[in-house]
Amino acid sequence: MSDTFQLDGAAVPFEPGQTVMQAALAAGHYIPHLCYHPEFKPHGSCKLCTVKVNGRTTASCTMPAEANLNVESNIEELNALRRTLVQMLFAEGNHFCPSCEKSGNCMLQALGYDLEVHATGFRHLYPDRPLDASHPDVLLDFNRCILCELCVRASSEVDGKNVFALSGRGITKHLIVNAESGKLSDTDFALYDKAMQVCPVGVILPKRVGFSQPIGERRYDKRPISAQALDDAPRQVDTSGNCEACEDPT
Amino acid sequence: MTDTLETAAHPENLRRVAIDPVSRVEGHGKVTLLLDENDRVHQVRLHIVEFRGFEKFIQGRPYWEAPVMVQRLCGICPVSHHLAASKAMDMIVGATLTPTAEKVRRLMHYGQILQSHALHFFHLCSPDLLFGFDSDVAKRNIVGIVAAYPDIAKQGVLLRKFGQEVIRITAGKRVHGTGSIPGGVNKNVSLEERDYLLKDIEQIVTWSRESVGIARKLFEQNLDLYNNFGRFKAHTLNIVRADGAMDLYHGGLRARDMDGKTLFDHYDYSHYWDVIFEDVKPWSYMKFPFLRSLGTENGWYRVGPLSRVTQCDFIPTPLAEAERKAFMAFDGGKAAGATLGFHWARMIEMLHAAEQIRELLLDPDLQGNDLVSKGVRQERGVGVIEAPRGTLIHHYKVDENDQIVRCNLIVSTTHNNQAMNEAIRQVARQFIDGKKLTEGLLNHIEVAIRAFDPCLSCATHALGKMPLEVELLDAEGGRVDMLTRSSDGTFACQSDHA
Chain A
-4 MSDTFQLDGA AVPFEPGQTV MQAALAAGHY IPHLCYHPEF KPHGSCKLCT VKVNGRTTAS
56 CTMPAEANLN VESNIEELNA LRRTLVQMLF AEGNHFCPSC EKSGNCMLQA LGYDLEVHAT
116 GFRHLYPDRP LDASHPDVLL DFNRCILCEL CVRASSEVDG KNVFALSGRG ITKHLIVNAE
176 SGKLSDTDFA LYDKAMQVCP VGVILPKRVG FSQPIGERRY DKRPISAQAL DDAPRQVDTS
236 GNCEACEDPT
Chain B
23 MTDTLETAAH PENLRRVAID PVSRVEGHGK VTLLLDENDR VHQVRLHIVE FRGFEKFIQG
83 RPYWEAPVMV QRLCGICPVS HHLAASKAMD MIVGATLTPT AEKVRRLMHY GQILQSHALH
143 FFHLCSPDLL FGFDSDVAKR NIVGIVAAYP DIAKQGVLLR KFGQEVIRIT AGKRVHGTGS
203 IPGGVNKNVS LEERDYLLKD IEQIVTWSRE SVGIARKLFE QNLDLYNNFG RFKAHTLNIV
263 RADGAMDLYH GGLRARDMDG KTLFDHYDYS HYWDVIFEDV KPWSYMKFPF LRSLGTENGW
323 YRVGPLSRVT QCDFIPTPLA EAERKAFMAF DGGKAAGATL GFHWARMIEM LHAAEQIREL
383 LLDPDLQGND LVSKGVRQER GVGVIEAPRG TLIHHYKVDE NDQIVRCNLI VSTTHNNQAM
443 NEAIRQVARQ FIDGKKLTEG LLNHIEVAIR AFDPCLSCAT HALGKMPLEV ELLDAEGGRV
503 DMLTRSSDGT FACQSDHA
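Which chain is which? The protein sequence lines are A and B, in order. Number 214 in the numbering used here belongs to position 219 of the first sequence; there are no gaps in the numbering. Number 382 in the numbering used here belongs to position 360 of the second sequence; there are no gaps in the numbering.
No lab work stands behind these hints, which were simulated from the structure alone. It cannot be assumed that every hint is accurate.
Label pairs and their in silico Cβ distance ranges [unchecked claim]:
id, chain 1, residue 1, chain 2, residue 2, range
1, A, G177, B, H293, 36 to 44 Å
2, B, K221, A, I70, 42 to 50 Å
3, A, D123, B, W295, 28 to 36 Å
Virtual Cβ for every residue (Gly too), placed ideally from N, Cα, C.
All chains, full assembly: derive it from the sequences and hints.
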């Protein structure tokens, strides 16, 4: 019998080497997250998955599960902080859900709904981030980047191409394309790269797909992200190489 | 009193009266009147005070985003923008629509016509029409209608609801859906959805017929007022089907002068700029389109239900066609030229929309699965549709990277800009000139504007080098300084210092 830890009063079993996030999702307990993806080494940067472990805050995606931990997640104190984090992400970029083709499939939007973010909270920065439409098959809309680095990790660790990187520091930090011109068309990026599939928001988009998926059939139309994430858990790659958490670019 | 009432010859010392905002219309506008000490009218202007900017900020966006983004111009007729942009993008992707795609879009459009016309007639205008233009202002609203005419109010609400349900089923949402995409649609209409709509359609057709009867009765009971209120002659513009029939989704442009002479007919709208151009005036954010062959001064025209119903050769559904004939024949044809004839024509179109929806719902093509097509990619796309308020033009240029580089929108209310100004000036001559102003008299101005069902939100979508004028007035209203920015962006300062 595996060891357990306590999550919001429930016993959660875990295997050696699992993080609190992995064990929780596998056991059917949702912890909000954005930059976590089961196929990649935990990054711990978005802080949405912050929990209290024995009274101290930590990122659950990087916290190794241990027996007898007392983990608090779904408490108002933490959910209020998560709401603030989501509000800050919305204010930092240019997120116009009404005309965004990722709407209904966007983790940031879904988290906003799930956490009941009803107001912007902060003055919008309206950064000037031109699109990169140079690639024949892929559009980059930097306006929506939340700096999760999933594309950076996927392109580097899975695709072996190092197409993306983060540049700058602090509030000026931004996603760039590793090409002398800075244009995606001057890289070997391809429609079927793993980096194409992992973007949780609407930055990396297949061209000419747009709104072809009707309202009602989008990922978060059917179920809120808190339920959908559990459906996807443990979000492992199947034998044919497909991952339920990733999108089919076609 | 000047002849045109557009600009007073000597604005100094004239009293300014403003109707701000104009109520029970979509969007924000105001009317200003300049009157002398004897209450004679010297200037009347409909000002549009909103500022939007869609033509500018759509630049750089991917073309497939346009049908969803530009519909945010409006919360009342977003389907019209959604479909006009989609039609333009059909040209961009070189598509010829499949039967399923075209019929689902038509169904969406006629749902939009139905709900928008019902909203306008019952919610916005019935208080004027049923209570009287200068009736008690406290009751002259939809709440007053609910209290005094509960059956009519309920009918209006349910007609609109049905139209919204048609939109929900075809577009995914009642307001701002995503159903229409470049080259087609993203869903069909299932049998279950069809049956849901079919169960109410006969009632909707019946109510729509009764609504035409209400409009006719208003004319019969107030013949002189309704025939002559704000009456003026105007050129007309609309699209018609190849056989001359009314077609609100697709067709060629037809323009006739105020005497009924055809200026052009079945004109391919993909080159609309050869026959229509836009003028700007320094006192309004709204542009002034005109027919090129007639020039800027005389080329203004009227669009919308009154133009469509009077200028089509026939309506291709039997009940609406019978009502059209009755309308055209009424009182020797006088109603067909009356500003308040808009209401009657609008109800005829609502009946036509209900009949079209009934016909389309029985078409098995709605359940087809061939939803999208594409062909040879084009650089430029023009989409034109007859929106509830009139002809709507969307024009885009898209570069090789799929980004929109140019956008021009000429919306229905913009076409009617000069016509609305003519109507309120005529009403000012008829009812206000020389009289002591009252709220009821000023409402006559608003009644004339409402007849057009203007959507001022839609009409103020431009951004860029719009002409602006800033005046510095002294205590008596005399102009001291004026700073103007012309349409080419240059500034000029004119000083009237002694």
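Is it true that the C-beta distance of K221/B to I70/A lies inside 42 to 50 Å, as the hint says? Holds, since K221/B and I70/A (Cβ atoms, about 48 Å apart) stay within the stated range.
So does G177/A sit 36 to 44 Å from H293/B, Cβ to Cβ? holds (39 Å)
With respect to the beta-carbon atoms only, verify the hint that D123/A and W295/B lie 28 to 36 Å apart. holds (32 Å)
Hint compliance for this structure: no hint is broken.
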